[in-house]
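Given chain A's structure and the hints, the job is docking chain B onto it.
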Amino acid sequence: EAAVTQSPRNKVAVTGGKVTLSCNQTNNHNNMYWYRQDTGHGLRLIHYSYGAGSTEKGDIPDGYKASRPSQENFSLILELATPSQTSVYFCASGDAPWGGYEQYFGPGTRLTVL
Amino acid sequence: GEKVEQHESTLSVREGDSAVINCTYTDTASSYFPWYKQEAGKSLHFVIDIRSNVDRKQSQRLTVLLDKKAKRFSLHITATQPEDSAIYFCAAGNTGKLIFGLGTTLQVQP
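If you read the protein sequences in the order shown, they are chains A and B. For the first sequence, counting from 1, position 45 maps to 43 in this note's numbering; every step adds exactly one. For the second sequence, counting from 1, position 79 maps to 81 in this note's numbering; every step adds exactly one.
This is chain A alone, in the form it adopts within the complex:
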């Protein structure tokens, strides 16, 4: 079974602080994705990656950076967290460079920025 794990599962941060969300996949998938889920907005793509060393901007990249140091790991970094970044964040991995195959989602990280 495909496995995508995220850490931490819950995080409370202060405004202006730095937050790093981590994602690990054991599927050996090339592609990895970071989404945020908010009521009324559905699921929105923040950053994605085609492989180690690559990151691409998604639909809402402002205020976020991403890092893909290896095939297995993909991090989302909030350098200066703001309350508007309070959300549930999902990482996903997938097998096709054009996103045409099934994406496997992690369990999510609930981030609260006070």
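One should not assume that every hint holds.
[Said to hold, decoys possible] Taking lysine to aspartate or glutamate and the DMTMM-like style, the derived pairs with C-alpha atoms no more than 20 Å apart in a straight line are:
| no. | chain 1 | residue 1 | chain 2 | residue 2 |
| --- | --- | --- | --- | --- |
| 1 | B | K39 | B | D51 |
| 2 | B | K99 | A | D57 |
| 3 | B | K5 | A | D57 |
These are calculated hints, taken from the structure and not from any lab test.
Below, chain B alone, put in the same frame as chain A:
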């Protein structure tokens, strides 16, 4: 920007009835249309998909229809069961990423 709209925000059916969720998309380059299910408090998991080279795909009680001219696709669930209750997301994509709809909450009443 490109959008995917889900026409039903909530849908309530009786157990054993059929349910249909409709989506439209704006990007004519979209070629891949997956559906995901999210149970309460949980993550999303894939249920079924369809590619633009076909107009119908069935998997057990699930059928997806695609009308490329109308830029519309739909998920049909037959013989619904209480465990089908969840939020269903449609999505459309082409190169490298998916755009998701806002989700449809399906409630199957026993």
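Structure-based check of all given hints:
Taken as a hint, the K39 (chain B) and D51 (chain B) pair is honoured in the structure, with Cα atoms around 12 Å apart against an allowance of 20 Å. With a C-alpha separation of about 9 Å, the suggested pair K99 (chain B) and D57 (chain A) falls inside the 20 Å cut-off, and the hint holds. For the proposed pair K5 (chain B) and D57 (chain A), the alpha carbon gap of about 11 Å is at most 20 Å, so the pair holds.
Every hint, counting from the list given before, is met by this structure.
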